[in-house]
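Protein chains in written order, with numbering that gives the first Met the number 0: chain A, 0 to 177; chain B, 0 to 443; chain C, 0 to 297.
No lab work stands behind these hints, which were simulated from the structure alone. Only a predicted model underlies this, so the values are computations on that prediction, with no experimental measurement involved. Heads up, a few of these hints could be off.
What the hints assert, rightly or not - Covered by chain A, per the in silico footprint, the following chain C stretches (three or more residues, Cβ under 8 Å):
id: 1; region: 97 to 105
id: 2; region: 283 to 292
What the hints assert, rightly or not - Computed list of lysine to any residue pairs in SDA-like fashion (alpha-carbon distance at most 25 Å, straight line):
id: 3; chain 1: B; residue 1: K9; chain 2: A; residue 2: H19
id: 4; chain 1: A; residue 1: K175; chain 2: C; residue 2: L102
id: 5; chain 1: B; residue 1: K234; chain 2: C; residue 2: H297
id: 6; chain 1: C; residue 1: K37; chain 2: B; residue 2: A269
id: 7; chain 1: C; residue 1: K118; chain 2: C; residue 2: N146
id: 8; chain 1: B; residue 1: K234; chain 2: B; residue 2: I31
Yeah, the Cβ is synthetic: ideal placement off N, Cα and C, and Gly gets one too.
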Amino acid sequence: MAETAHETHGEDPHRRDFIHIAAMATGAVGVAATAWPFIDQMNPSADTLALASIEQDISKVTPGQQLVVLWRGKPVFVRHRTPAEIAAAVKDDHADMRDPATDASRTKPGKQEWLILIGVCTHLGCVPSFGTGDYGGWFCPCHGSVYDTSGRIRKGPAPKNLELPDYEFTGPTKVKIG
Amino acid sequence: MSGHSTYEPKTAFERWLDVRLPILRMAHDTAIDFPTPKNLNYWYTFGGILAVCLVIQIVSGLVLAMHYVANSALAFNSVEHIMRDVNHGWMIRYIHANGASMFFLAVYVHIARGLYYGSYKAPREILWLLGCVIYLLMMATAFMGYVLPWGQMSYYGAVVITNLFSAFDRLIPGVGTAITTWLWGGFAVDNATLNRFFSLHYLLPFMIAGVVGLHIWALHVPGNNNPTGVDVKSKEDTVPFHPYYTVKDGFAILVFLLLFSWFVFFAPEALGHADNQVPANPLVTPIHIVPEWYFLPFYAILRAVPDKLVGVLLMFSAIAMLFLLPWLDTSKVRSMRYRPMARWFFLIFIAATLGLGWCGGKLPDDVVIAVGRDAASGDPTGFTVVMLSRVLAAYYFAYFLLILPLLGLFEKTLAIPETISTPVLPKGGASMPSGATASPEKKG
Amino acid sequence: MTKLSMGFQAAFSRVRVGLLATLAAALLGAAVQPASAKTTAREAEGVSFSFDGPFGVFDQAELQRGYKVYAEVCSACHSMKLLSYRDLAQPGGPFYDPKHPNLPPAQSPYAKAIAAQYKVADIDHDTGDAIERPATPADHFRSPFPNEYAARAANGGALPPDLSVIARAREGGPAYIYKLLLGYEDAPKGMTVPDGKYYNPYMPGDMGSFWSGPKDKVPEGGFISMAKQLTPDRVQFDDKTPSTAENEAHAVATFLAWAADPHMVERKQTGLAVMLFLLVFTGLTYLSYRQIWRNVSH
Chain A
0 MAETAHETHG
10 EDPHRRDFIH
20 IAAMATGAVG
30 VAATAWPFID
40 QMNPSADTLA
50 LASIEQDISK
60 VTPGQQLVVL
70 WRGKPVFVRH
80 RTPAEIAAAV
90 KDDHADMRDP
100 ATDASRTKPG
110 KQEWLILIGV
120 CTHLGCVPSF
130 GTGDYGGWFC
140 PCHGSVYDTS
150 GRIRKGPAPK
160 NLELPDYEFT
170 GPTKVKIG
Chain B
0 MSGHSTYEPK
10 TAFERWLDVR
20 LPILRMAHDT
30 AIDFPTPKNL
40 NYWYTFGGIL
50 AVCLVIQIVS
60 GLVLAMHYVA
70 NSALAFNSVE
80 HIMRDVNHGW
90 MIRYIHANGA
100 SMFFLAVYVH
110 IARGLYYGSY
120 KAPREILWLL
130 GCVIYLLMMA
140 TAFMGYVLPW
150 GQMSYYGAVV
160 ITNLFSAFDR
170 LIPGVGTAIT
180 TWLWGGFAVD
190 NATLNRFFSL
200 HYLLPFMIAG
210 VVGLHIWALH
220 VPGNNNPTGV
230 DVKSKEDTVP
240 FHPYYTVKDG
250 FAILVFLLLF
260 SWFVFFAPEA
270 LGHADNQVPA
280 NPLVTPIHIV
290 PEWYFLPFYA
300 ILRAVPDKLV
310 GVLLMFSAIA
320 MLFLLPWLDT
330 SKVRSMRYRP
340 MARWFFLIFI
350 AATLGLGWCG
360 GKLPDDVVIA
370 VGRDAASGDP
380 TGFTVVMLSR
390 VLAAYYFAYF
400 LLILPLLGLF
410 EKTLAIPETI
420 STPVLPKGGA
430 SMPSGATASP
440 EKKG
Chain C
0 MTKLSMGFQA
10 AFSRVRVGLL
20 ATLAAALLGA
30 AVQPASAKTT
40 AREAEGVSFS
50 FDGPFGVFDQ
60 AELQRGYKVY
70 AEVCSACHSM
80 KLLSYRDLAQ
90 PGGPFYDPKH
100 PNLPPAQSPY
110 AKAIAAQYKV
120 ADIDHDTGDA
130 IERPATPADH
140 FRSPFPNEYA
150 ARAANGGALP
160 PDLSVIARAR
170 EGGPAYIYKL
180 LLGYEDAPKG
190 MTVPDGKYYN
200 PYMPGDMGSF
210 WSGPKDKVPE
220 GGFISMAKQL
230 TPDRVQFDDK
240 TPSTAENEAH
250 AVATFLAWAA
260 DPHMVERKQT
270 GLAVMLFLLV
280 FTGLTYLSYR
290 QIWRNVSH
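Bound-form chain A, shown alone:
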């Protein structure tokens, strides 16, 4: 504050400072309240959020087939597994793997033939393809990660299993993802 010849004498310094502190504190609140909208505007806008959740009709996906759906800008594998694929997955439920998980924990009860995964390799983000690879599941060509028929990482550099999105069955052949 003023330290020159304009300094007043005989004033209670606490009283003199309070109004300045009050004004500056109000200012700080104002700045914070103003800053928030400018930060929040970078969050997803309403039209992006509208596509955060999609409903997919899966009646046409026959056993052994895989549907790839674009969801939140990423590919989602909707796979209708054959009994052989399910058996292979269940057999390895307690095998030694980097990211242990049972096959049942990766599907919905009563819908074990439907495996819905985010098709993005957990290593560095490439899209794996089905059919090649030692465990009958997915293989990522970028650095050689191998996933089994439950999407679990079995070989290669990827640290985690293929991710599961939030989904639920809204009907016998309709699934809502996200």
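Starting from the known structure of chain A, fit chains B and C onto it as the hints suggest.
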């Protein structure tokens, strides 16, 4: 007043930094301990207000640019996307659009202050010229910014103003058309024009910020002028900028923000034009093309004469008058507080400029004072808007080219106080100015 | 010098008063007479809406009625491309459900139900053919015509304007829309009405070349290509509001005002908070200013 620095680094870090890059010293000398005349009134707060306006425009503009698409097929819809879907987009857009109007409101008050108190006179001519450059850059920025939403007014405003350059075909055949084609990037205002306007609209504010830096530097060499026009003679005439003027500017900025907020939240479209909510259509021209309000006086001058080239030259000359002002005004007295005759001419100048603004918003053939009716068409005839524009434009130019030069030679001025502090010292202190009617405290 | 200054002061006072008075009278007092070829329209006066003023809000029931009028009457010719079905369920919108305030609008059952009534163009991912599928809340409102040329062809060359921002794109806004929709009048004697057009005094236009009566009595208004649409009982309202033409017009004007400015209520509420905050902050800063300057003679 540039004296030597009073900054004393207090911590080890401050000493270390001061030796390498004395930026804290610069901040201290510029904005904290800077000796400022103690008699600055509220007209002097608009510089600070303008700095805040520039920051508001840059921040809001930067953020809008994250969502806006500068393509003629998508621009209008991208603005609507901002208004509807982007979080708080409507608020940021309205801040930016109304912020431009507030920016010009503040700059016009700031210029008027300079005109009245003689802030452009020696030794502050460069300060004034830098201010004129900032004003030009502001006008260019605002013009290009208004084109970006790609509404009807955006499009036709661009068409009219870029077409002005084709007037130069009269001077050198072909050069005007070459210029407009180059500006457009095509044969008409179209996507190429929009894209380059977006790029330049993004760039210019940073150039404005640079010139503002020079402007403040040029101010700090001689120091602030003040309402008496009398130079600072001693420390007694000044107070340190902080806290005296930080708090006064802060208060003025808040009052300004109150007005700004009222527009943004309660009348956000009041300063705009309904036609700009219609997507641009090259095949249909709006009935009434008007620029934004802050360009209206120049628009009136442009339309005052029927000849296109003369109108263009007149409009540019009107702005050029500002650049010439320090050398046109011959008065030895700085502040119009002590120039009673000049004061009236100044007031009329303000009224004339406001009148020109009003004219700019009307159709040229509209009748201001009806005298009769045309027998054939039944339309009223009389003193038209164009005629009024000519009268007011004549005064505008006369003010700079005749009145101010002559006034300085022939006017009777009031006695000027000896120092800034003199007017507030009790009677019997330093010698008082003669003239019972002249009370320096009273504002013009 | 003193006497001279006083004399000049007095003289200039009189001159200045006279000058400014004349200027004021010329500019402010006298009404500007329009020149020839001037567009005229009757003023849309005496209309009030629930959302008028700094504290006005949209009446949700009226928004729903207005949407019904749009859906059943206007959407046959007028697109509303900037709105999506999910917008109807956003806070402040016609089908916002206050019982589920955190439900994303795109997941609103109302938005889904309304969207599902319409088919939008899409591509079959298996065959690549152009198909139509039921709309989802994320889709924009379906346009009645695939492009401008089809719209013109179906409407005698006139293009029905998109209504997304019409309440902002016309002088007078919602009040103008209300008056226009109800304001159709029989063409007065002496007026030639072109084929396919209708006289409406609220529609801006220049009647000069269509008027054969006295030159100083040219009727105000213009020609509009849209016939009168809102007649009594044209739309049945679910909340049993009488289906008068006035109610229909008022409801659709309200809905169009919302469509042009869906964040209006949020804007006004934020504005109130901001102004109150600034008033307090300004007051505190003023006190701080007075305190700092107390002992400086200035």
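Structure-based check of each hint:
1. 97 to 105: Holds: 3 residues of the region 97 to 105 of chain C have a Cβ under 8 Å from chain A.
2. 283 to 292: Result for this restraint: holds, n = 6.
3. B:K9 to A:H19: Distance of about 23 Å is within 25 Å: holds.
4. A:K175 to C:L102: 15 Å, holds
5. B:K234 to C:H297: 14 Å, holds
6. C:K37 to B:A269: 23 Å, holds
7. C:K118 to C:N146: Holds, at roughly 16 Å.
8. B:K234 to B:I31: 15 Å, holds
When held up to the earlier numbered hints, the structure conflicts with none and fits them all.
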